[in-house]
Amino acid sequence: MNALNKTIRLFLDSIGRRDEYEFYLNKFQSDKAACFALLCPDLGSIEAGAEVLAFDLHFLLRLELVPAILLCGEKALEMKEALSSEPIFAFQPLEQGSVPLFIQQSRMAEKVPVLVGERHGLEESLLTLLPETATRVHFVRAAGGLKNPAGELLPYIYTHRKNAPEIEELEFDYPALGRKLLEQRPGVHLSVTSPINLLQEIFTVKGAGTLFRKGSELRHFVAMEGVERARLLVLLEASFRKNLSSTGFLENVSHAYIEKDYRGAVLLEEHPAGLYLSKFAVGREARGEGLALELWREVCENHGALFWRSNVANPFNSWYDKQADGYHTCGKWQIFWRGIPASSISDCIAYCCARDEDFQSTPPS
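Each residue of the sequence shown is one higher than the one before, counting from 1092 in the numbering used here.
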């Protein structure tokens, strides 16, 4: 990653955690697509936030990340007119000339390329441009991420899962488009956010919008039968960012839930009070995709009584607190339980406090 000056660093610090934005910045700068991302705004987001959008895009240019804006359909010219007041934008009709060349020329001129296709639909245009032009698409909507009828944000929509959540009435069918793109252009990143939350959506694991995903293939193993241990150990050490001091805990695993590509895993052990959640690991790149939530739901659907411990400094504890029936702090550990009988809670706490650590205290070099 190129050295960041103090002003840029301070601004990124205000958006999210340093390890997160450095991870994403390195990832984006190494991408081989013509541009870093395609932004597809609606008219409302431009009318309400053209200046905010221009500021954020200027910041991305300073990070050597060149996004392209895609304006399609009957309102394309109206959106172009609204953006024309900002000098950072360069415009080209979608059907005219080479898109990669236009993006390259815009990059050299320190401009944001805007592709205008008033005679083209959004679906048609994205299917043409992905993945050579970009592998990320951010739909920028004045109302921000998609919400349920109660107005609560839906962080993830799994386009290929049954029992889809209820969604607010939409001016455009984003879920249908997301499903089509994920089917025909697998591997692309699709999300919906607002102009004011664009950078937070881009540079943080939690994001600030709605992410479309097909849904992961999760595999359930009884004990460790069939588990590729070497791949699992790589995941655990990468996720916890520590070397394992021993692998003996694997012999006690009674249930393992593992994403098919070993990007996430939950390991459970038998205990008289229920199941002890020994390890909950998700690779860094998968953390912003909702894989942790998928794993958690799968485990909770199959097992009613769980308890686990987490370091008191773990920023994930606030999420654990929402999933648990209660917790107790014991030294460096915060101990959580869910579905555990009240008479067994003290035994679970004692077990967690006495259990040895499986990781070395220092991170790997």
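Any given hint could turn out to be false.
[Unchecked claim] Label pairs and their in silico Cβ distance ranges:
1. Arg1320 <-> Met1199: 46 to 52 Å
2. Gly1395 <-> Pro1191: 51 to 57 Å
3. Leu1218 <-> Arg1388: 38 to 44 Å
4. Lys1253 <-> Ile1179: 42 to 48 Å
5. Lys1423 <-> Leu1101: 28 to 34 Å
6. Asp1412 <-> Asp1438: 17 to 23 Å
7. Thr1338 <-> Pro1184: 56 to 62 Å
8. Lys1118 <-> Glu1243: 28 to 34 Å
9. Arg1100 <-> Arg1446: 36 to 42 Å
10. Ser1175 <-> Asp1412: 44 to 50 Å
11. Gly1212 <-> Glu1319: 41 to 47 Å
[To be verified] The calculated EDC-like cross-link candidates involving lysine to aspartate or glutamate, where the alpha carbons are at most 16 Å apart (straight line), are:
12. Lys1305 <-> Glu1259
13. Lys1297 <-> Glu1376
14. Lys1305 <-> Glu1274
15. Lys1351 <-> Glu1319
16. Lys1423 <-> Asp1449
17. Lys1238 <-> Glu1223
18. Lys1097 <-> Glu1113
19. Lys1351 <-> Asp1412
20. Lys1297 <-> Asp1449
21. Lys1297 <-> Glu1113
22. Lys1305 <-> Glu1260
23. Lys1123 <-> Glu1155
24. Lys1305 <-> Glu1380
25. Lys1118 <-> Glu1376
26. Lys1171 <-> Glu1215
27. Lys1423 <-> Glu1389
28. Lys1351 <-> Glu1308
29. Lys1423 <-> Glu1448
30. Lys1171 <-> Asp1133
31. Lys1253 <-> Glu1319
32. Lys1238 <-> Asp1264
33. Lys1351 <-> Glu1316
34. Lys1297 <-> Glu1448
35. Lys1123 <-> Asp1264
36. Lys1238 <-> Glu1260
37. Lys1202 <-> Asp1264
Treat the hints as calculated values from the structure; they're not laboratory data.
Glycine included, C-beta positions come from ideal geometry on N, C-alpha and C.
Results for each hint:
1. Arg1320 <-> Met1199: 46 to 52 Å: At roughly 50 Å between Cβ atoms, Met1199 and Arg1320 fall inside 46 to 52 Å, so the hint holds.
2. Gly1395 <-> Pro1191: 51 to 57 Å: holds (54 Å)
3. Leu1218 <-> Arg1388: 38 to 44 Å: violated (31 Å)
4. Lys1253 <-> Ile1179: 42 to 48 Å: Holds, at about 44 Å.
5. Lys1423 <-> Leu1101: 28 to 34 Å: holds (32 Å)
6. Asp1412 <-> Asp1438: 17 to 23 Å: Distance hint for Asp1412, Asp1438 holds at roughly 21 Å.
7. Thr1338 <-> Pro1184: 56 to 62 Å: This hint holds: roughly 59 Å between Cβ atoms.
8. Lys1118 <-> Glu1243: 28 to 34 Å: holds (30 Å)
9. Arg1100 <-> Arg1446: 36 to 42 Å: holds (39 Å)
10. Ser1175 <-> Asp1412: 44 to 50 Å: holds (49 Å)
11. Gly1212 <-> Glu1319: 41 to 47 Å: With Cβ atoms ~44 Å apart, the hint holds.
12. Lys1305 <-> Glu1259: Given pair Lys1305, Glu1259 is violated - Cα atoms ~20 Å apart, limit 16 Å.
13. Lys1297 <-> Glu1376: holds (12 Å)
14. Lys1305 <-> Glu1274: Holds: Lys1305 and Glu1274 sit about 8 Å apart, inside 16 Å.
15. Lys1351 <-> Glu1319: Given pair Lys1351, Glu1319 holds - Cα atoms ~11 Å apart, limit 16 Å.
16. Lys1423 <-> Asp1449: Answer holds: Lys1423 to Asp1449 is near 15 Å, not above 16 Å.
17. Lys1238 <-> Glu1223: violated (31 Å)
18. Lys1097 <-> Glu1113: Since the Cα atoms of Lys1097 and Glu1113 sit roughly 14 Å apart, the hinted pair holds (cutoff 16 Å).
19. Lys1351 <-> Asp1412: violated (28 Å)
20. Lys1297 <-> Asp1449: violated (27 Å)
21. Lys1297 <-> Glu1113: holds (15 Å)
22. Lys1305 <-> Glu1260: violated (22 Å)
23. Lys1123 <-> Glu1155: holds (13 Å)
24. Lys1305 <-> Glu1380: Roughly 10 Å between the alpha carbons, so the hint for Lys1305 and Glu1380 holds.
25. Lys1118 <-> Glu1376: holds (9 Å)
26. Lys1171 <-> Glu1215: violated (19 Å)
27. Lys1423 <-> Glu1389: violated (28 Å)
28. Lys1351 <-> Glu1308: Judged against 16 Å, a Cα distance of about 6 Å means the pair holds.
29. Lys1423 <-> Glu1448: Distance of about 12 Å is within 16 Å: holds.
30. Lys1171 <-> Asp1133: Distance ~11 Å between Lys1171 and Asp1133 Cα, so the pair holds.
31. Lys1253 <-> Glu1319: violated (29 Å)
32. Lys1238 <-> Asp1264: holds (13 Å)
33. Lys1351 <-> Glu1316: OK: Lys1351 and Glu1316 at ~15 Å, within 16 Å.
34. Lys1297 <-> Glu1448: The hint is violated at about 28 Å.
35. Lys1123 <-> Asp1264: The given pair, whose Cα atoms are some 30 Å apart, is violated under the 16 Å limit.
36. Lys1238 <-> Glu1260: holds (9 Å)
37. Lys1202 <-> Asp1264: The hint is violated at about 31 Å.
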